[in-house]
Amino acid sequence: MKILPDDPLKLLKVLFNHQDDNNLLKEARDRLLVVATLIAAVTFQAGVSPPGGVWQESSGAQESSSGRIPGQAIYASQAVPFYVFLVCNTLALSLSINLIISLTWGMPFFLEVVLATASMAVTYGSAIFAVTPKSPDQFRWLLFTGFVPFLLRLLIEMGKFAYQKIVAYQKFGTKRSLTEFVDQDGQGCIIEIRQ
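When we follow the working numbering, the leftmost residue of the sequence shown carries the number 1, and every step to the right adds one.
Calculated directly from the structure, the hints in this document are not laboratory data.
Please note: incorrect hints may appear among the correct ones.
As the list claims (entries may be wrong) - Here are the simulated distance ranges between beta carbons:
| hint | residue 1 | residue 2 | range |
| --- | --- | --- | --- |
| 1 | A130 | K165 | 16 to 26 Å |
| 2 | I74 | V167 | 50 to 60 Å |
| 3 | A127 | Q170 | 26 to 36 Å |
| 4 | L24 | A127 | 20 to 30 Å |
| 5 | F110 | I74 | 12 to 22 Å |
| 6 | L154 | V35 | 16 to 26 Å |
| 7 | Q45 | R68 | 17 to 27 Å |
| 8 | A162 | Q45 | 38 to 48 Å |
| 9 | N23 | F139 | 18 to 28 Å |
| 10 | F139 | V34 | 30 to 40 Å |
| 11 | V167 | S49 | 42 to 52 Å |
| 12 | Y169 | V48 | 23 to 33 Å |
Where a beta carbon is used, it is the ideal one built from N, C-alpha and C, also for glycine.
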């Protein structure tokens, strides 16, 4: 039984083009949306309430001698493991937010979903900033980690656009663009050619 197509370009088309043609894709999208929402909830909670909790109030003399700052994560005293946790948690949250936005693209209330997820990301960032030691360099790395999935999605979309240009050039021999591809069977295809 052969599952993957021989042509690598056709494989890329299958992987990066999702259409609501049949019920199976809708069910898969619904399941992915549930999983992405659960991941977002868990990672948000882990960032807002870091493992081990935060230091509570202490007397002034004890605070200065031990370096404990009320409200700062206890786990932050172990710098490397704490920042590994923060980077992985931030990456998981931003990937799940990216997946939620991608899966709800064009659906009703899409703007509300984007505003809610953006607000959640800002809340997460401010909570992380509040519980971590004040180090701007590490916070910049966390910010960069949060943008990685969105940059990856941008690169994928640019790749899809370049793929369309290559296919149009191969089919017509000129620099034209296709908005939709003609599939092998030729069923239900709309081609818009722009010069």
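Okay, the hints, checked on the actual structure:
1. The hint said 16 to 26 Å for the Cβ distance between A130 and K165, and at roughly 47 Å that hint is violated.
2. Judged by the Cβ atoms, the range 50 to 60 Å given for I74 and V167 holds: they are separated by roughly 55 Å.
3. A hinted range of 26 to 36 Å for the beta carbons of A127 and Q170 is inconsistent with their spacing of about 50 Å.
4. The hinted window of 20 to 30 Å between L24 and A127 is violated, with their beta carbons roughly 39 Å apart.
5. Checking the proposed 12 to 22 Å range against F110 and I74 shows it is violated: the Cβ atoms sit about 40 Å from each other.
6. Checking the proposed 16 to 26 Å range against L154 and V35 shows it holds: the Cβ atoms sit about 23 Å from each other.
7. In this structure the hint that Q45 and R68 lie 17 to 27 Å apart at CB holds, the actual value being about 24 Å.
8. A beta carbon spacing of about 39 Å between A162 and Q45 agrees with the range 38 to 48 Å that was offered as a hint.
9. Judged by the Cβ atoms, the range 18 to 28 Å given for N23 and F139 is violated: they are separated by roughly 45 Å.
10. Evaluation of the 30 to 40 Å hint for F139 and V34 yields a pass: the beta carbon distance comes to about 31 Å.
11. As the Cβ distance of V167 to S49 is approximately 49 Å, the hint placing it in 42 to 52 Å holds.
12. One distance hint, 23 to 33 Å for the beta-carbon pair Y169 and V48, is violated here, with the actual separation near 50 Å.
The structure shown violates the earlier hints numbered 1, 3, 4, 5, 9, 12.
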